[in-house]
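Chemist: First to last, the sequence lines map onto chains A and B.
Using the numbering used here, read the first sequence as starting at 25 and increasing by one per residue.
Using the numbering used here, read the second sequence as starting at 1148 and increasing by one per residue.
It is possible that some hints are incorrect.
[What the hints assert, rightly or not] The following label-pair restraints were derived from C-beta to C-beta distances: (1) A/58 x B/1177: 22 to 30 Å; (2) B/1302 x A/43: 38 to 46 Å; (3) B/1273 x A/61: 32 to 40 Å; (4) A/49 x B/1296: 23 to 31 Å; (5) B/1207 x A/35: 42 to 50 Å; (6) B/1195 x A/28: 37 to 45 Å; (7) A/110 x B/1293: 25 to 33 Å; (8) B/1171 x A/50: 36 to 44 Å; (9) A/97 x B/1177: 46 to 54 Å.
These aren't lab readings, by the way, just hints derived from the structure by calculation.
As the structure is a prediction and not an experimental result, all values here were calculated from the model.
Virtual Cβ for every residue (Gly too), placed ideally from N, Cα, C.
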Amino acid sequence: MTGFSSWLRVQWDRVGAVGAALVGLAALALGWVGVSGTPHIAEQLPYFISGGLVALFFLGLAVALWLSADLRDEWRELRALRLILADAAPESDELDATVATFTGNGR
Amino acid sequence: MTVAFITPAAPAPVEGRAAVLGADAPWRLGDLARAGGLAGVGLAGLALSWYGGSGRADWADELPWACLGVAATAVAVIGLVTWLTAGLRRVRRLRREVLPMVQAAAVRRSPGPVATPSAGGGFVTAPGMTRFHRPTCPLATGKPVQPLRVDDVDGAGLVPCGVCAA
């Protein structure tokens, strides 16, 4: 249970993405049920707003949260790599010179 | 000598997930304020359009409210996109900063001529990878690598790592 709760805490953005996607799909389904239950456009339009548009927002939120989690993971890996390389190069002058060669600043 | 940074046993300096906000994070407080503000305005507009549009007898009276709902959704989605683009921009900046360091480290560790897989270059790869690496490549460090087979190159279409093997 502790492992699961810590996993939830660490992966809150992906959990939120799944939750937002479920809310969006539920809104879409409820909107569809509401729209299909009446032939009058005046009664359908509120379902279009509360079902379709709200679903669109929550599905977009789900995508944003998931991609945001991927970006955060990539940031973490890059930062770890930067720390590893920085720790591994006590002869920083040599490293700086080599980096400068690659970045074009050493010419 | 700097051996520790490429050995698999080297402990990862950063544990857990990275912070979301801060100077050493993909997003700043301003990004959150902008994205959250736009998303909040969008949600408020959606609520307003639903409130204004429901309970009317004529659909023509509801149409402006529906248009307001569409516009509010667009504003909210723009807010989400600004969040993603801000994070993507900072990740790209960090990648541009780190990549030369990786290349420099690879050059310092593998100054010899490049061998091809068919010549038995001793390359490695891992499931899911699209490239093969030298065993000493920092990008392969800590990953479940296996010796590269020629089938991997021919069948899976693996290409040399741009950092260590190219």
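Chemist: Is the gap between the beta carbons of residue 110 of chain A and residue 1293 of chain B within 25 to 33 Å?
Modeler: holds (29 Å)
Chemist: Range hint 23 to 31 Å: satisfied by the CB atoms of residue 49 of chain A and residue 1296 of chain B?
Modeler: Between residue 49 of chain A and residue 1296 of chain B, where Cβ atoms are some 44 Å apart, the hint is violated.
Chemist: Could you check the hint for me, namely that residue 97 of chain A and residue 1177 of chain B are 46 to 54 Å apart, CB to CB?
Modeler: violated (23 Å)
Chemist: Between residue 1195 of chain B and residue 28 of chain A, does the C-beta distance stay in 37 to 45 Å?
Modeler: Holds, at about 39 Å.
Chemist: With respect to the beta-carbon atoms only, verify the hint that residue 1171 of chain B and residue 50 of chain A lie 36 to 44 Å apart.
Modeler: holds (38 Å)
Chemist: Tell me if the beta carbons of residue 1207 of chain B and residue 35 of chain A are separated by a distance inside 42 to 50 Å.
Modeler: holds (47 Å)
Chemist: Given a hint of 32 to 40 Å, does the C-beta separation of residue 1273 of chain B and residue 61 of chain A actually sit inside it?
Modeler: violated (53 Å)
Chemist: Measuring from beta carbon to beta carbon, are residue 1302 of chain B and residue 43 of chain A in 38 to 46 Å?
Modeler: holds (40 Å)
Chemist: Taking the beta carbons of residue 58 of chain A and residue 1177 of chain B, is their distance inside 22 to 30 Å?
Modeler: violated (39 Å)
This entry does not satisfy hints 1, 3, 4 and 9, going by the numbered hints stated previously.
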